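The task is simple: from the sequences and hints, build the whole structure.
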Amino acid sequence: MESGDRYGVAGYGSGGDGAVPPPPAHAPSVGPPPPGAPLRAAAAALLNLTGLGLGYALLGRWGRAAVCWAATAMLLWVALPADPDGVPAGVLVGYLLVLVLAAVDGGRIARRSAVGGAWRPGLAVGLGVVLLAVPAGGAVVYGSARDEAREQMLLERLEAGDERVATASGQPFEAAKSEYGKALDVYRALGEDHPGSRAAKLVPDRLKAYYDAVSTPYTKKRHCEAVAPLTYLRTLPDSVNRKVLGELAAWPDTPLAESLYACGVSRLGGAGSGSDGGAELGQLLRTFPDSASARRVAPAINERIKGQVTALKGAEPCTATEVLRGLGATASRLPDDSVKKLSADADEGVVDGVYACGVDQFKDGKFGAARTTLTDFATTYKSDGRVRQARDIATAAEIADDRPAAGKRLPPSKRPGGARMELVISNDAPNTVEVLYTGPVTGTVTLRACAGCERYSASEGPRRACKASGRNYPKARLQLPAGEYHFLYKHGTGAAARVDSYSSGTRVQPGYTYTSCTYVIERSPFDLDLPLLPDPIQPVVSPWGAGSSR
1 MESGDRYGVA GYGSGGDGAV PPPPAHAPSV GPPPPGAPLR AAAAALLNLT GLGLGYALLG
61 RWGRAAVCWA ATAMLLWVAL PADPDGVPAG VLVGYLLVLV LAAVDGGRIA RRSAVGGAWR
121 PGLAVGLGVV LLAVPAGGAV VYGSARDEAR EQMLLERLEA GDERVATASG QPFEAAKSEY
181 GKALDVYRAL GEDHPGSRAA KLVPDRLKAY YDAVSTPYTK KRHCEAVAPL TYLRTLPDSV
241 NRKVLGELAA WPDTPLAESL YACGVSRLGG AGSGSDGGAE LGQLLRTFPD SASARRVAPA
301 INERIKGQVT ALKGAEPCTA TEVLRGLGAT ASRLPDDSVK KLSADADEGV VDGVYACGVD
361 QFKDGKFGAA RTTLTDFATT YKSDGRVRQA RDIATAAEIA DDRPAAGKRL PPSKRPGGAR
421 MELVISNDAP NTVEVLYTGP VTGTVTLRAC AGCERYSASE GPRRACKASG RNYPKARLQL
481 PAGEYHFLYK HGTGAAARVD SYSSGTRVQP GYTYTSCTYV IERSPFDLDL PLLPDPIQPV
541 VSPWGAGSSR
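Reminder that position 509 of the sequence shown reads as 509 in our numbering, one-by-one numbering, no gaps.
Check each hint, because a few of them may be wrong.
Claimed, not checked - List of simulated lysine to aspartate or glutamate pairs, EDC-like, C-alpha gap at most 20 Å:
no.	residue 1	residue 2
1	Lys182	Asp212
2	Lys182	Asp193
3	Lys220	Glu192
4	Lys467	Glu522
5	Lys341	Glu316
6	Lys382	Asp347
7	Lys208	Glu156
8	Lys366	Asp401
9	Lys201	Glu247
10	Lys366	Asp352
11	Lys340	Glu303
12	Lys243	Asp193
13	Lys363	Asp347
14	Lys221	Glu174
15	Lys341	Glu322
16	Lys313	Glu303
17	Lys363	Glu316
18	Lys408	Asp364
19	Lys221	Asp253
20	Lys341	Asp352
21	Lys243	Glu192
22	Lys177	Asp238
23	Lys208	Asp253
Stated by the list, open to error - Quick list of simulated restraints, FRET-style, between CB atoms:
no.	residue 1	residue 2	range
24	Thr254	Pro412	51 to 61 Å
25	Glu303	Thr231	22 to 32 Å
26	Glu159	Asn241	20 to 30 Å
27	Asn241	Ala70	44 to 54 Å
28	Thr167	Glu303	40 to 50 Å
29	Asp205	Thr231	17 to 27 Å
30	Ala329	Leu410	26 to 36 Å
31	Gly368	Thr513	29 to 39 Å
32	Ala329	Pro237	11 to 21 Å
33	Leu410	Val351	16 to 26 Å
34	Glu316	Asn241	51 to 61 Å
35	Lys382	Lys306	24 to 34 Å
It should be emphasised that the hints constitute simulated quantities derived from the structure, not laboratory data.
All values derive from a computational prediction rather than experimental measurement.
Beta carbons: idealized from backbone N, C-alpha and C, even for Gly.
What follows is the structure in C-alpha coordinates.
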(Lines of atoms letter the chains of each structure in order from A; the text may use other names.)
(Lines give C-alpha, C1' and ligand atoms only; values in the text may rest on other atoms or scores of the structure.)
Protein backbone atom coordinates (compact mmCIF):
# COMPACT_ATOMS: atom_id res chain seq x y z
CA MET A 1 0.00 0.00 0.00
CA GLU A 2 1.04 3.53 -0.59
CA SER A 3 1.85 5.45 2.46
CA GLY A 4 -0.53 8.09 1.21
CA ASP A 5 -3.65 5.82 1.62
CA ARG A 6 -5.96 8.22 3.41
CA TYR A 7 -7.94 5.42 5.10
CA GLY A 8 -4.85 3.86 6.80
CA VAL A 9 -5.75 0.31 5.96
CA ALA A 10 -3.16 -2.20 7.18
CA GLY A 11 -0.91 -3.56 4.49
CA TYR A 12 -0.42 -7.17 3.62
CA GLY A 13 3.41 -7.19 3.90
CA SER A 14 6.18 -5.80 6.08
CA GLY A 15 7.58 -2.90 4.17
CA GLY A 16 8.73 -0.85 7.08
CA ASP A 17 10.62 -1.07 10.22
CA GLY A 18 7.88 0.01 12.63
CA ALA A 19 4.61 -1.75 13.83
CA VAL A 20 1.46 -1.61 11.63
CA PRO A 21 -1.15 0.82 13.01
CA PRO A 22 -4.69 -0.62 13.81
CA PRO A 23 -7.67 0.18 11.53
CA PRO A 24 -9.87 3.07 12.50
CA ALA A 25 -12.89 2.27 14.66
CA HIS A 26 -15.38 4.15 12.42
CA ALA A 27 -15.52 5.16 8.81
CA PRO A 28 -14.82 8.76 8.10
CA SER A 29 -17.79 10.90 7.28
CA VAL A 30 -16.49 11.85 3.92
CA GLY A 31 -14.77 10.18 1.07
CA PRO A 32 -15.49 6.95 -0.77
CA PRO A 33 -16.40 3.77 1.24
CA PRO A 34 -13.73 1.23 1.90
CA PRO A 35 -13.38 -1.66 -0.50
CA GLY A 36 -16.09 -4.41 -0.16
CA ALA A 37 -18.56 -2.01 1.47
CA PRO A 38 -21.71 -3.21 -0.44
CA LEU A 39 -21.14 -6.81 0.52
CA ARG A 40 -20.50 -5.89 4.13
CA ALA A 41 -23.67 -3.74 4.20
CA ALA A 42 -25.73 -6.61 2.79
CA ALA A 43 -24.32 -9.02 5.35
CA ALA A 44 -25.01 -6.69 8.28
CA ALA A 45 -28.55 -5.96 7.05
CA LEU A 46 -29.37 -9.63 6.58
CA LEU A 47 -27.94 -10.56 9.98
CA ASN A 48 -30.01 -7.84 11.65
CA LEU A 49 -33.17 -9.01 9.85
CA THR A 50 -32.91 -12.30 11.71
CA GLY A 51 -33.94 -10.42 14.85
CA LEU A 52 -30.80 -11.64 16.65
CA GLY A 53 -28.84 -8.41 16.27
CA LEU A 54 -25.87 -10.30 14.73
CA GLY A 55 -25.14 -7.53 12.24
CA TYR A 56 -24.58 -5.08 15.10
CA ALA A 57 -22.54 -7.72 16.94
CA LEU A 58 -20.13 -8.10 14.00
CA LEU A 59 -19.84 -4.32 13.78
CA GLY A 60 -19.17 -4.11 17.49
CA ARG A 61 -22.30 -2.03 18.12
CA TRP A 62 -23.42 -3.89 21.22
CA GLY A 63 -25.91 -1.28 22.40
CA ARG A 64 -27.82 -1.49 19.15
CA ALA A 65 -27.59 -5.30 19.28
CA ALA A 66 -29.15 -5.21 22.77
CA VAL A 67 -32.08 -3.22 21.38
CA CYS A 68 -32.67 -5.97 18.80
CA TRP A 69 -32.46 -8.64 21.50
CA ALA A 70 -34.94 -6.74 23.67
CA ALA A 71 -37.38 -6.35 20.80
CA THR A 72 -37.17 -10.06 19.98
CA ALA A 73 -37.58 -10.99 23.65
CA MET A 74 -40.62 -8.74 23.91
CA LEU A 75 -42.14 -10.37 20.83
CA LEU A 76 -41.58 -13.85 22.24
CA TRP A 77 -43.05 -12.81 25.59
CA VAL A 78 -46.20 -11.56 23.88
CA ALA A 79 -46.50 -14.39 21.38
CA LEU A 80 -45.80 -17.40 23.61
CA PRO A 81 -47.57 -19.56 24.37
CA ALA A 82 -49.43 -19.46 21.09
CA ASP A 83 -52.86 -17.85 21.31
CA PRO A 84 -55.75 -18.67 18.94
CA ASP A 85 -55.91 -15.01 17.98
CA GLY A 86 -52.16 -14.81 17.27
CA VAL A 87 -49.89 -11.86 17.99
CA PRO A 88 -51.64 -8.49 18.16
CA ALA A 89 -51.20 -6.66 14.86
CA GLY A 90 -49.71 -3.59 16.53
CA VAL A 91 -46.98 -5.63 18.23
CA LEU A 92 -46.14 -7.47 15.03
CA VAL A 93 -45.97 -4.28 12.94
CA GLY A 94 -43.84 -2.60 15.57
CA TYR A 95 -41.44 -5.53 15.67
CA LEU A 96 -41.11 -5.69 11.89
CA LEU A 97 -40.44 -1.97 11.84
CA VAL A 98 -37.64 -2.45 14.37
CA LEU A 99 -36.11 -5.19 12.21
CA VAL A 100 -36.26 -3.06 9.06
CA LEU A 101 -34.72 -0.09 10.83
CA ALA A 102 -32.03 -2.33 12.29
CA ALA A 103 -31.28 -3.78 8.84
CA VAL A 104 -31.06 -0.33 7.24
CA ASP A 105 -29.02 1.04 10.10
CA GLY A 106 -26.69 -1.98 10.17
CA GLY A 107 -26.15 -1.78 6.41
CA ARG A 108 -25.42 1.95 6.64
CA ILE A 109 -22.84 1.47 9.38
CA ALA A 110 -21.17 -1.52 7.65
CA ARG A 111 -20.95 0.42 4.42
CA ARG A 112 -18.99 3.24 6.08
CA SER A 113 -16.90 1.10 8.40
CA ALA A 114 -13.89 -1.07 7.80
CA VAL A 115 -14.61 -4.12 9.93
CA GLY A 116 -11.66 -5.59 11.77
CA GLY A 117 -10.99 -9.26 12.17
CA ALA A 118 -10.76 -12.08 9.75
CA TRP A 119 -14.49 -12.45 8.89
CA ARG A 120 -15.46 -12.72 5.28
CA PRO A 121 -18.36 -10.59 4.02
CA GLY A 122 -19.41 -13.23 1.51
CA LEU A 123 -19.64 -15.85 4.23
CA ALA A 124 -21.55 -13.40 6.43
CA VAL A 125 -24.07 -12.83 3.66
CA GLY A 126 -24.55 -16.58 3.32
CA LEU A 127 -24.93 -16.90 7.08
CA GLY A 128 -27.50 -14.11 7.06
CA VAL A 129 -29.52 -15.83 4.39
CA VAL A 130 -29.40 -19.09 6.30
CA LEU A 131 -30.33 -17.45 9.59
CA LEU A 132 -33.32 -15.76 8.01
CA ALA A 133 -34.80 -19.21 8.01
CA VAL A 134 -34.95 -18.97 11.84
CA PRO A 135 -37.64 -16.26 12.01
CA ALA A 136 -39.32 -17.68 8.93
CA GLY A 137 -39.38 -21.14 10.44
CA GLY A 138 -40.42 -19.69 13.75
CA ALA A 139 -43.33 -17.97 12.05
CA VAL A 140 -44.36 -21.27 10.46
CA VAL A 141 -44.04 -23.13 13.77
CA TYR A 142 -45.89 -20.36 15.56
CA GLY A 143 -48.64 -20.41 12.94
CA SER A 144 -49.00 -24.14 13.47
CA ALA A 145 -49.11 -23.68 17.24
CA ARG A 146 -51.65 -20.89 16.85
CA ASP A 147 -53.80 -23.13 14.62
CA GLU A 148 -53.64 -25.90 17.22
CA ALA A 149 -54.57 -23.45 19.95
CA ARG A 150 -57.51 -22.37 17.81
CA GLU A 151 -58.53 -25.99 17.32
CA GLN A 152 -58.38 -26.57 21.06
CA MET A 153 -60.46 -23.46 21.64
CA LEU A 154 -63.08 -24.70 19.18
CA LEU A 155 -63.07 -28.13 20.78
CA GLU A 156 -63.64 -26.48 24.16
CA ARG A 157 -66.58 -24.61 22.68
CA LEU A 158 -67.92 -27.89 21.36
CA GLU A 159 -67.55 -29.45 24.79
CA ALA A 160 -69.36 -26.50 26.37
CA GLY A 161 -72.24 -27.04 23.94
CA ASP A 162 -72.31 -30.73 24.86
CA GLU A 163 -72.53 -29.83 28.54
CA ARG A 164 -75.51 -27.55 27.85
CA VAL A 165 -77.28 -30.38 26.06
CA ALA A 166 -76.57 -32.77 28.92
CA THR A 167 -77.95 -30.26 31.42
CA ALA A 168 -81.05 -29.52 29.36
CA SER A 169 -81.87 -33.18 28.71
CA GLY A 170 -82.77 -33.68 32.36
CA GLN A 171 -85.41 -30.92 32.35
CA PRO A 172 -88.85 -30.43 30.77
CA PHE A 173 -88.55 -28.99 27.29
CA GLU A 174 -90.08 -25.57 28.03
CA ALA A 175 -87.69 -25.08 30.95
CA ALA A 176 -84.70 -26.35 28.94
CA LYS A 177 -85.48 -24.57 25.66
CA SER A 178 -83.08 -21.71 26.38
CA GLU A 179 -80.19 -24.09 27.08
CA TYR A 180 -80.94 -26.06 23.94
CA GLY A 181 -80.89 -22.81 21.97
CA LYS A 182 -77.48 -21.82 23.32
CA ALA A 183 -76.04 -25.25 22.54
CA LEU A 184 -77.41 -25.01 19.01
CA ASP A 185 -75.76 -21.61 18.58
CA VAL A 186 -72.41 -23.25 19.39
CA TYR A 187 -72.90 -26.08 16.91
CA ARG A 188 -74.16 -23.73 14.21
CA ALA A 189 -71.17 -21.37 14.62
CA LEU A 190 -68.70 -24.25 14.48
CA GLY A 191 -70.29 -25.78 11.42
CA GLU A 192 -70.83 -22.57 9.48
CA ASP A 193 -67.94 -20.33 10.59
CA HIS A 194 -65.19 -22.97 11.00
CA PRO A 195 -66.12 -25.68 8.51
CA GLY A 196 -62.59 -27.09 8.17
CA SER A 197 -61.85 -27.42 11.89
CA ARG A 198 -61.70 -30.66 13.81
CA ALA A 199 -64.55 -29.42 15.96
CA ALA A 200 -66.72 -28.79 12.89
CA LYS A 201 -66.14 -32.37 11.73
CA LEU A 202 -67.60 -33.55 15.06
CA VAL A 203 -70.70 -31.33 14.76
CA PRO A 204 -72.82 -33.88 12.77
CA ASP A 205 -72.46 -36.44 15.55
CA ARG A 206 -73.19 -33.80 18.18
CA LEU A 207 -76.29 -32.68 16.30
CA LYS A 208 -77.51 -36.28 16.20
CA ALA A 209 -77.10 -36.45 19.97
CA TYR A 210 -78.79 -33.05 20.22
CA TYR A 211 -81.83 -34.25 18.28
CA ASP A 212 -81.95 -37.43 20.38
CA ALA A 213 -81.92 -35.39 23.60
CA VAL A 214 -84.63 -32.96 22.48
CA SER A 215 -86.86 -35.78 21.18
CA THR A 216 -86.55 -37.93 24.31
CA PRO A 217 -90.31 -37.71 25.07
CA TYR A 218 -91.03 -39.20 21.64
CA THR A 219 -88.58 -42.02 22.26
CA LYS A 220 -90.32 -42.74 25.56
CA LYS A 221 -93.76 -42.69 23.86
CA ARG A 222 -94.90 -39.59 25.75
CA HIS A 223 -96.52 -38.28 22.59
CA CYS A 224 -98.36 -35.24 23.94
CA GLU A 225 -95.19 -34.10 25.65
CA ALA A 226 -93.21 -34.74 22.45
CA VAL A 227 -95.24 -32.36 20.25
CA ALA A 228 -93.52 -29.15 21.39
CA PRO A 229 -89.88 -30.35 21.13
CA LEU A 230 -90.47 -32.05 17.78
CA THR A 231 -92.12 -28.91 16.44
CA TYR A 232 -89.05 -26.98 17.61
CA LEU A 233 -86.69 -29.39 15.83
CA ARG A 234 -88.73 -29.06 12.67
CA THR A 235 -88.08 -25.30 12.61
CA LEU A 236 -84.28 -25.59 12.87
CA PRO A 237 -83.64 -25.62 9.10
CA ASP A 238 -84.94 -22.04 9.10
CA SER A 239 -81.97 -20.94 11.20
CA VAL A 240 -79.29 -23.58 10.59
CA ASN A 241 -77.67 -24.35 7.23
CA ARG A 242 -79.19 -27.54 5.84
CA LYS A 243 -75.70 -28.71 4.85
CA VAL A 244 -74.79 -28.66 8.53
CA LEU A 245 -77.97 -30.52 9.54
CA GLY A 246 -77.77 -33.06 6.74
CA GLU A 247 -80.46 -35.76 7.00
CA LEU A 248 -81.57 -34.39 10.36
CA ALA A 249 -83.28 -31.47 8.61
CA ALA A 250 -86.23 -33.65 7.53
CA TRP A 251 -86.12 -36.19 10.34
CA PRO A 252 -88.73 -34.62 12.71
CA ASP A 253 -91.59 -34.81 10.18
CA THR A 254 -92.56 -38.44 10.72
CA PRO A 255 -92.13 -38.47 14.53
CA LEU A 256 -94.10 -35.23 14.81
CA ALA A 257 -96.94 -36.60 12.70
CA GLU A 258 -97.03 -39.77 14.81
CA SER A 259 -97.01 -37.79 18.05
CA LEU A 260 -99.78 -35.45 16.90
CA TYR A 261 -101.91 -38.44 15.98
CA ALA A 262 -101.29 -40.41 19.15
CA CYS A 263 -101.76 -37.39 21.39
CA GLY A 264 -104.90 -36.20 19.62
CA VAL A 265 -106.55 -39.63 19.66
CA SER A 266 -105.75 -40.08 23.34
CA ARG A 267 -107.62 -36.85 24.11
CA LEU A 268 -110.67 -37.45 21.91
CA GLY A 269 -113.92 -36.62 23.68
CA GLY A 270 -112.12 -35.18 26.70
CA ALA A 271 -113.79 -31.75 26.63
CA GLY A 272 -113.72 -31.53 30.41
CA SER A 273 -109.96 -32.04 30.60
CA GLY A 274 -109.12 -28.82 28.78
CA SER A 275 -108.27 -30.54 25.48
CA ASP A 276 -110.37 -32.71 23.18
CA GLY A 277 -107.60 -33.66 20.75
CA GLY A 278 -108.82 -31.22 18.12
CA ALA A 279 -105.75 -29.00 18.32
CA GLU A 280 -103.31 -31.85 17.73
CA LEU A 281 -105.37 -33.59 15.04
CA GLY A 282 -106.04 -30.29 13.30
CA GLN A 283 -102.32 -29.52 13.24
CA LEU A 284 -101.66 -33.00 11.85
CA LEU A 285 -104.22 -32.67 9.05
CA ARG A 286 -103.02 -29.19 8.10
CA THR A 287 -99.28 -29.85 8.32
CA PHE A 288 -99.03 -33.46 7.08
CA PRO A 289 -102.26 -34.05 5.12
CA ASP A 290 -100.74 -36.86 3.02
CA SER A 291 -99.01 -38.69 5.87
CA ALA A 292 -99.91 -42.17 7.06
CA SER A 293 -100.85 -40.71 10.44
CA ALA A 294 -103.32 -38.27 8.84
CA ARG A 295 -105.06 -41.13 7.03
CA ARG A 296 -105.71 -42.82 10.36
CA VAL A 297 -107.64 -39.91 11.90
CA ALA A 298 -111.09 -40.59 10.39
CA PRO A 299 -111.07 -44.34 11.21
CA ALA A 300 -109.93 -43.60 14.76
CA ILE A 301 -112.72 -41.08 15.41
CA ASN A 302 -115.31 -43.35 13.79
CA GLU A 303 -114.24 -46.25 15.97
CA ARG A 304 -114.37 -44.08 19.08
CA ILE A 305 -117.90 -42.89 18.22
CA LYS A 306 -119.14 -46.45 17.73
CA GLY A 307 -117.61 -47.46 21.04
CA GLN A 308 -119.39 -44.67 22.91
CA VAL A 309 -122.73 -45.45 21.23
CA THR A 310 -122.38 -48.98 22.55
CA ALA A 311 -121.47 -47.58 25.98
CA LEU A 312 -124.84 -45.79 26.13
CA LYS A 313 -126.35 -49.15 27.06
CA GLY A 314 -123.87 -49.62 29.87
CA ALA A 315 -123.63 -48.39 33.44
CA GLU A 316 -122.51 -44.83 32.63
CA PRO A 317 -124.65 -43.47 29.79
CA CYS A 318 -124.23 -39.88 30.98
CA THR A 319 -120.46 -40.12 30.67
CA ALA A 320 -120.73 -41.76 27.25
CA THR A 321 -123.06 -38.96 26.12
CA GLU A 322 -120.58 -36.27 27.09
CA VAL A 323 -117.81 -38.12 25.25
CA LEU A 324 -120.02 -38.37 22.16
CA ARG A 325 -120.80 -34.67 22.38
CA GLY A 326 -117.08 -33.90 22.51
CA LEU A 327 -116.32 -36.25 19.60
CA GLY A 328 -118.93 -34.57 17.44
CA ALA A 329 -117.63 -31.10 18.25
CA THR A 330 -114.06 -32.16 17.52
CA ALA A 331 -114.91 -33.83 14.22
CA SER A 332 -116.86 -30.80 13.01
CA ARG A 333 -113.83 -28.53 13.51
CA LEU A 334 -111.22 -30.66 11.76
CA PRO A 335 -110.07 -29.61 8.25
CA ASP A 336 -111.02 -32.82 6.46
CA ASP A 337 -114.40 -33.58 4.91
CA SER A 338 -114.16 -37.29 5.64
CA VAL A 339 -113.75 -36.43 9.31
CA LYS A 340 -116.34 -33.64 9.42
CA LYS A 341 -119.16 -35.92 8.28
CA LEU A 342 -118.57 -38.16 11.31
CA SER A 343 -120.00 -35.42 13.51
CA ALA A 344 -123.51 -36.43 12.32
CA ASP A 345 -123.01 -39.95 13.71
CA ALA A 346 -121.89 -38.50 17.02
CA ASP A 347 -124.83 -36.09 17.17
CA GLU A 348 -127.26 -38.95 16.53
CA GLY A 349 -125.69 -40.85 19.39
CA VAL A 350 -126.03 -37.79 21.63
CA VAL A 351 -129.83 -37.81 21.15
CA ASP A 352 -130.04 -41.40 22.39
CA GLY A 353 -127.50 -40.60 25.07
CA VAL A 354 -129.39 -37.69 26.60
CA TYR A 355 -132.51 -39.82 26.95
CA ALA A 356 -130.56 -42.78 28.35
CA CYS A 357 -128.77 -40.45 30.77
CA GLY A 358 -132.04 -39.03 32.13
CA VAL A 359 -133.49 -42.50 32.61
CA ASP A 360 -130.33 -43.64 34.37
CA GLN A 361 -130.39 -40.62 36.67
CA PHE A 362 -133.99 -41.40 37.59
CA LYS A 363 -133.13 -45.03 38.38
CA ASP A 364 -130.19 -43.86 40.51
CA GLY A 365 -132.45 -41.58 42.55
CA LYS A 366 -130.96 -38.38 41.12
CA PHE A 367 -134.41 -36.95 40.56
CA GLY A 368 -133.45 -33.29 40.18
CA ALA A 369 -130.83 -34.11 37.56
CA ALA A 370 -133.21 -36.50 35.75
CA ARG A 371 -135.89 -33.82 35.58
CA THR A 372 -133.44 -31.28 34.09
CA THR A 373 -131.99 -33.75 31.59
CA LEU A 374 -135.30 -35.07 30.28
CA THR A 375 -136.96 -31.65 30.19
CA ASP A 376 -134.08 -30.44 28.03
CA PHE A 377 -134.44 -33.55 25.87
CA ALA A 378 -138.13 -32.88 25.27
CA THR A 379 -137.45 -29.22 24.50
CA THR A 380 -134.47 -29.83 22.19
CA TYR A 381 -135.62 -32.90 20.26
CA LYS A 382 -139.32 -32.13 19.80
CA SER A 383 -139.73 -34.49 16.85
CA ASP A 384 -138.31 -37.50 18.68
CA GLY A 385 -140.81 -40.27 19.41
CA ARG A 386 -139.72 -40.45 23.06
CA VAL A 387 -140.66 -36.88 23.94
CA ARG A 388 -143.94 -37.85 25.70
CA GLN A 389 -142.21 -40.51 27.77
CA ALA A 390 -139.39 -38.08 28.59
CA ARG A 391 -141.95 -35.55 29.87
CA ASP A 392 -143.65 -38.22 31.97
CA ILE A 393 -140.37 -39.30 33.54
CA ALA A 394 -139.46 -35.65 34.19
CA THR A 395 -142.85 -35.18 35.90
CA ALA A 396 -142.38 -38.30 38.02
CA ALA A 397 -138.85 -37.14 38.89
CA GLU A 398 -140.16 -33.78 40.10
CA ILE A 399 -142.72 -35.52 42.32
CA ALA A 400 -140.11 -38.01 43.55
CA ASP A 401 -137.76 -35.20 44.47
CA ASP A 402 -140.30 -34.30 47.19
CA ARG A 403 -141.84 -37.74 47.62
CA PRO A 404 -139.22 -40.49 46.98
CA ALA A 405 -141.85 -43.21 46.82
CA ALA A 406 -142.89 -41.80 43.45
CA GLY A 407 -139.48 -42.73 42.04
CA LYS A 408 -139.55 -46.43 42.78
CA ARG A 409 -140.31 -47.24 39.15
CA LEU A 410 -140.39 -45.50 35.81
CA PRO A 411 -143.74 -44.34 34.50
CA PRO A 412 -145.08 -46.94 32.03
CA SER A 413 -144.40 -46.12 28.41
CA LYS A 414 -147.84 -47.33 27.30
CA ARG A 415 -151.24 -46.24 28.56
CA PRO A 416 -152.99 -49.05 30.47
CA GLY A 417 -156.39 -50.24 29.31
CA GLY A 418 -159.45 -51.01 31.42
CA ALA A 419 -161.87 -48.90 33.43
CA ARG A 420 -161.11 -45.34 34.44
CA MET A 421 -162.13 -43.63 37.69
CA GLU A 422 -162.81 -39.92 37.89
CA LEU A 423 -160.89 -37.68 40.24
CA VAL A 424 -162.20 -34.14 40.62
CA ILE A 425 -159.76 -31.68 42.12
CA SER A 426 -161.15 -28.31 43.33
CA ASN A 427 -159.09 -25.22 44.17
CA ASP A 428 -160.10 -23.18 47.24
CA ALA A 429 -156.86 -21.14 47.23
CA PRO A 430 -156.31 -17.52 46.13
CA ASN A 431 -153.58 -18.63 43.73
CA THR A 432 -153.12 -20.95 40.78
CA VAL A 433 -152.15 -24.50 41.55
CA GLU A 434 -150.33 -26.95 39.26
CA VAL A 435 -151.03 -30.57 40.11
CA LEU A 436 -148.51 -33.21 39.02
CA TYR A 437 -149.44 -36.88 39.30
CA THR A 438 -147.78 -40.20 38.48
CA GLY A 439 -148.83 -43.81 38.76
CA PRO A 440 -150.31 -46.05 36.07
CA VAL A 441 -150.56 -42.78 34.12
CA THR A 442 -148.59 -39.57 34.52
CA GLY A 443 -149.50 -35.99 33.79
CA THR A 444 -150.14 -32.45 34.99
CA VAL A 445 -153.15 -30.15 35.30
CA THR A 446 -153.37 -26.48 36.29
CA LEU A 447 -156.14 -24.97 38.43
CA ARG A 448 -156.68 -21.25 38.11
CA ALA A 449 -156.88 -19.08 41.23
CA CYS A 450 -160.18 -19.08 43.13
CA ALA A 451 -161.73 -15.58 43.02
CA GLY A 452 -162.73 -14.45 46.52
CA CYS A 453 -161.16 -17.44 48.27
CA GLU A 454 -159.07 -16.78 51.35
CA ARG A 455 -156.60 -18.54 53.53
CA TYR A 456 -157.97 -20.51 56.43
CA SER A 457 -156.77 -21.05 59.95
CA ALA A 458 -155.63 -24.54 60.78
CA SER A 459 -158.91 -25.38 62.46
CA GLU A 460 -161.13 -23.85 59.80
CA GLY A 461 -159.56 -25.48 56.78
CA PRO A 462 -160.96 -29.01 57.13
CA ARG A 463 -164.44 -27.67 57.93
CA ARG A 464 -164.84 -24.90 55.39
CA ALA A 465 -162.61 -25.69 52.39
CA CYS A 466 -164.55 -26.11 49.13
CA LYS A 467 -167.93 -25.95 50.98
CA ALA A 468 -169.13 -22.40 50.37
CA SER A 469 -172.56 -22.63 48.76
CA GLY A 470 -172.93 -20.91 45.45
CA ARG A 471 -169.18 -20.51 44.86
CA ASN A 472 -167.83 -21.85 41.62
CA TYR A 473 -164.51 -23.42 42.55
CA PRO A 474 -161.99 -23.99 39.72
CA LYS A 475 -161.90 -27.73 39.01
CA ALA A 476 -159.92 -30.32 37.08
CA ARG A 477 -161.30 -33.74 36.19
CA LEU A 478 -158.88 -36.64 35.76
CA GLN A 479 -159.79 -40.07 34.39
CA LEU A 480 -157.42 -42.48 36.15
CA PRO A 481 -156.94 -46.22 35.83
CA ALA A 482 -156.85 -48.10 39.12
CA GLY A 483 -153.54 -48.12 40.94
CA GLU A 484 -151.28 -46.25 43.35
CA TYR A 485 -150.71 -42.54 42.61
CA HIS A 486 -148.46 -39.80 43.85
CA PHE A 487 -149.33 -36.10 43.67
CA LEU A 488 -147.40 -32.88 43.90
CA TYR A 489 -149.31 -29.59 44.40
CA LYS A 490 -147.35 -26.55 43.24
CA HIS A 491 -148.79 -23.21 44.28
CA GLY A 492 -148.23 -20.22 42.06
CA THR A 493 -146.75 -16.81 42.78
CA GLY A 494 -148.38 -13.53 43.71
CA ALA A 495 -150.67 -13.84 46.69
CA ALA A 496 -149.33 -17.33 47.39
CA ALA A 497 -145.65 -16.54 47.04
CA ARG A 498 -145.13 -17.69 50.63
CA VAL A 499 -147.01 -20.96 50.14
CA ASP A 500 -145.05 -24.19 50.03
CA SER A 501 -145.68 -26.95 47.53
CA TYR A 502 -146.65 -30.28 49.02
CA SER A 503 -147.10 -33.89 47.95
CA SER A 504 -149.33 -36.80 48.81
CA GLY A 505 -150.27 -40.28 47.67
CA THR A 506 -153.36 -42.43 47.39
CA ARG A 507 -154.72 -45.59 45.79
CA VAL A 508 -157.45 -45.42 43.17
CA GLN A 509 -159.76 -48.44 43.23
CA PRO A 510 -162.26 -49.55 40.61
CA GLY A 511 -165.90 -48.50 41.06
CA TYR A 512 -165.33 -45.24 42.87
CA THR A 513 -165.34 -41.57 42.03
CA TYR A 514 -162.86 -39.39 43.90
CA THR A 515 -162.74 -35.75 44.89
CA SER A 516 -160.01 -33.61 46.33
CA CYS A 517 -159.77 -30.01 47.49
CA THR A 518 -156.69 -27.91 47.88
CA TYR A 519 -156.54 -24.82 50.08
CA VAL A 520 -154.09 -22.71 52.07
CA ILE A 521 -153.93 -22.20 55.82
CA GLU A 522 -152.28 -19.66 58.10
CA ARG A 523 -151.02 -20.43 61.55
CA SER A 524 -149.21 -18.50 64.30
CA PRO A 525 -147.08 -20.39 66.82
CA PHE A 526 -148.50 -18.03 69.50
CA ASP A 527 -152.12 -18.30 68.29
CA LEU A 528 -151.90 -14.81 66.84
CA ASP A 529 -153.64 -14.02 63.58
CA LEU A 530 -150.35 -13.55 61.71
CA PRO A 531 -149.84 -14.94 58.21
CA LEU A 532 -147.35 -17.79 58.26
CA LEU A 533 -146.25 -20.47 55.87
CA PRO A 534 -148.82 -23.25 56.22
CA ASP A 535 -148.08 -26.83 57.08
CA PRO A 536 -148.11 -29.06 54.02
CA ILE A 537 -151.71 -29.81 53.12
CA GLN A 538 -152.45 -33.45 52.46
CA PRO A 539 -155.35 -33.83 49.98
CA VAL A 540 -157.82 -36.53 50.97
CA VAL A 541 -159.02 -38.61 48.05
CA SER A 542 -161.85 -40.97 48.95
CA PRO A 543 -164.78 -42.81 47.35
CA TRP A 544 -167.61 -40.47 46.42
CA GLY A 545 -169.98 -42.64 48.34
CA ALA A 546 -168.07 -42.03 51.57
CA GLY A 547 -168.88 -38.35 51.23
CA SER A 548 -165.57 -37.14 52.55
CA SER A 549 -163.56 -34.44 50.84
CA ARG A 550 -161.19 -31.69 51.77
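Check your understanding: What hints, given by number in increasing order, does this structure fail?
Key -> Violated: hints 3, 5, 13 and 32.
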